[in-house]
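> Each chain is listed here by its residues.
2 protein chains.
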Amino acid sequence: MSTIDYYNWRYATKEFNSEKKITNSDLEIIKESIRLSPSSYGLQLFKVFIIESQKLKDKLRKVSFNQSQISDASHLFVFCNYTKVLEKDIDLYIQNKSLIQQMPITKNEGYGVFLKKNLLKKETEETSIWTNNQVYIALANLMTTCASLKIDSCPIEGFEASKYNEILNINERNMNAAVVCAVGYRSKLDTSQHEKKVRKSSQDLFEII
Amino acid sequence: MSTIDYYNWRYATKEFNSEKKITNSDLEIIKESIRLSPSSYGLQLFKVFIIESQKLKDKLRKVSFNQSQISDASHLFVFCNYTKVLEKDIDLYIQNKSLIQQMPITKNEGYGVFLKKNLLKKETEETSIWTNNQVYIALANLMTTCASLKIDSCPIEGFEASKYNEILNINERNMNAAVVCAVGYRSKLDTSQHEKKVRKSSQDLFEII
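If you read the protein sequences in the order shown, they are chains V and L. Note that this note's numbering has the first sequence beginning at 9, numbered continuously upward. Note that this note's numbering has the second sequence beginning at 9, numbered continuously upward.
Some hints here could point you the wrong way.
Repeated chains share a single entry, so a pair holds when one copy, or any two copies, can fit it.
Unchecked claim - Within a straight-line C-alpha distance of at most 30 Å, the following computed DSSO-like cross-link-like pairs (lysine-lysine) qualify:
no.: 1; residue 1: Lys70; residue 2: Lys125
no.: 2; residue 1: Lys22; residue 2: Lys55
no.: 3; residue 1: Lys105; residue 2: Lys22
no.: 4; residue 1: Lys92; residue 2: Lys28
no.: 5; residue 1: Lys105; residue 2: Lys205
Calculated directly from the structure, the hints in this document are not laboratory data.
Produce the entire structure from the sequences given, and follow the hints as far as they go.
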């Protein structure tokens, strides 16, 4: 199977089978696809809440235009981007880099100073737009990896982010619910699984110069 | 090979082998990975410029902080998001959907009205932020598919978008250069290929509720 097979197989699942749950081993693979996703400067300025609690999924559905996927999916992934870059975020990255690459921290300190100079001065809105973008790379990798495991997914932007932020209690943690992905198994009754995928032609989408 | 192998294999290539070019058949697979990428409402409100011209790559390098990947990569992918949604974008989608799914266009017209109601009223900035996000899904799928083909890539945000827009002449086409990806083959001299990947631990990145 190639990645193209995965992209062709997947579709935005409208109805999940609420009885069928993802196994722990598959969940670990999905998490790893998110964790390994590239991000700007490698900083990973986001957190992913994985909602297993039925009670919480039901609560979030109410602030997601009552979309059934929110409560019927096996797991709900809520990608939350950082709205501010703090000094400690960069310090943690430099520490982590030094540890993983087995270098003395002094060798990476200059890079830390460079990152701070560039990132700490950014306005909240600019930071938020930028970290929000990064989250979509991780979202894409989650969807691809799910498809490779024959697990269904549905990315969802239709939800009240401010209500999510309240419910997850992340406002004071400088985070914002950016995008959600419902993950699980399709219901046999979901008619959208039989619809042909609609995409622009190559001629419309690309310009080769 | 699993997707996790692809994510582990890939790295942000710092030095490309400027002699080694992507084959046409691989280029078609990479394009297909972008074309099949999901996007909000399936509208694909972006265009991808694929730069093969050495002269143009050299010119773009000058407005990309002189990063060597811009001119040394085999192909440069410039993802340009739409900054406005026009009525014709939605009409084209509805026509395309009707054609691909072999439905009478009248069956989809209601959905077209719904999309117009929701999207045409958006401010330019809100639209641009939203379409920019979508582009990162396609970027991620490009990188994953390249890795599956053992092709290297480097996503780049460090470039002067306004200069790209001028050079590509897309300002009056309501598009903006959102993100760039250099694609090709690593140079043997690129020492960053030997560095261990730096990522947060699962404990730091996820919260399971």
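> Does each hint hold? Answer for all of them.
Consistency of the hints with the structure:
Taking identical chains as interchangeable, the C-alpha atoms of Lys70 and Lys125 lie at most 30 Å apart only when they sit on different chains, with a minimum of 23 Å there against 42 Å within one chain. In this assembly of identical chains, Lys22 and Lys55 lie within 30 Å of each other by CA distance both inside one copy and across copies; the values are 25 Å within and 27 Å between. For the homomeric pair Lys105 and Lys22, the shortest alpha-carbon distance between copies (18 Å) is at most 30 Å, but the shortest distance inside one copy (41 Å) is not. In this assembly of identical chains, Lys92 and Lys28 lie within 30 Å of each other by CA distance neither inside one copy nor across copies; the values are 38 Å within and 41 Å between.
For the homomeric pair Lys105 and Lys205, the shortest alpha-carbon distance between copies (8 Å) is at most 30 Å, but the shortest distance inside one copy (42 Å) is not.
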